[in-house]
Amino acid sequence: MSNTPAPSPSSSPGPDLLPSLGHLAVPPAAWYALGAALLVLLAWLLLITGRYLIADRETRASIRQVFWIRRRWTRLAKAIGLVTTDRHPSLGQTLVIDGQRTPSPKILVPSISTKCDRYGVQVKARTVPGVGLAEFQKHADHLAEAWGCTRVSVAVDKPGRLLLRALRNEPLARKITAVPDGSVPADLAVWNLGLNEYAVPAVLNMADVPGMVVGGLPGKGKSALVNGLISQIAPSNAVQFAVADGKVRKAHEGEDQPGDPLEPPLAGAAHPEAKARGSGRVESSSALPRRRAAV
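Numbering of the sequence shown is given in our numbering, commencing with residue 1350 and proceeding in unit increments.
Just so you know, the hints here were simulated from the structure itself, not pulled from any lab data. The model shown is predicted, which means the values in this text are computed figures rather than measured ones. Fair warning: there could be bad hints in the mix.
[Said to hold, decoys possible] Calculated pairs, SDA-like style, for lysine to any residue (alpha carbon to alpha carbon, straight line, at most 25 Å):
| id | residue 1 | residue 2 |
| --- | --- | --- |
| 1 | Lys1524 | Pro1584 |
| 2 | Lys1569 | Gly1595 |
| 3 | Lys1427 | Glu1407 |
| 4 | Lys1464 | Gly1595 |
| 5 | Lys1473 | Lys1524 |
| 6 | Lys1473 | Val1533 |
| 7 | Lys1569 | Asn1586 |
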């Protein structure tokens, strides 16, 4: 009989040797916090998705533009030089035991926040030492090309903050339609003129203004502009209108048209009213042919 010991069974871990999740003491508050975080994340995703779906075509393009601007901002700022290098060691680097170690410089990139509309993107940038208004204005054309915009304007929002307006569409080329709703405006002294070149509402304060002149070439919107003001303030009982049209001779007539009897007479032709006066007969102007007054 051999004295060789029989091989012992393999010492593979059995079910009882595996760690069990039941031994992990997870407080209920942690599960509540995790569930709340997931709910907040889900609500944020639903808000972003819903905002994108209900937006018009131009606003959707601006939303996508905002995504790429924020994602590529750090790399773009480094490429065009809108960064500064801080070579001074931080407090943590000065406490390093190895005194021979050279602290690595830190690159400071201006932080940005974005807001979009159907015309483009509004970017607010926080300045860093050495990168301010002049540097952003210098690289405005580069930013416009990188962001796919027609132009980028830079202005001071407040100390340490810059406001960049990146326009993808031209707001001055958009037609504005005024639809009167019969409501009295809150301030009769404010004249809403539409949008300016930066897609910001342009208003004119008419308080204490004795008069104004609206000028321009024919067909460029002078009458439409004045009609918009009239439709805006007409519902108020505090406003009265007195209209004088210098193109006509009588209040009930509109603009002169070719063939109108009140047109200046041609060479060699006498006006019917002048003929009547010359013959000693005075006829009422109502007896002369006329067209319906323009409204």
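Cross-check of the supplied hints:
At most 25 Å may separate the alpha-carbon atoms for a hinted pair to count; Lys1524 and Pro1584 meet this at roughly 24 Å. Note on Lys1569 and Gly1595: the hinted pairing holds, with a Cα-Cα distance of about 19 Å set against a maximum of 25 Å. Proposed proximity of Lys1427 and Glu1407 is contradicted: the alpha carbons are some 29 Å apart, above 25 Å. Between the alpha carbons of Lys1464 and Gly1595 the distance comes to roughly 48 Å, so the proposed pair goes past 25 Å and is violated.
Restraint check: the Cα-Cα separation between Lys1473 and Lys1524 comes to about 28 Å, which exceeds 25 Å; the hinted pair is violated. In summary, the hint linking Lys1473 to Val1533 is not supported, as the alpha carbons are separated by about 36 Å, beyond the 25 Å threshold. The straight-line distance between the Cα atoms of Lys1569 and Asn1586 is roughly 31 Å, outside the 25 Å bound, and the hint therefore fails.
Checked against the numbered hints listed earlier, the structure breaks hints 3, 4, 5, 6, 7; every other hint is satisfied.
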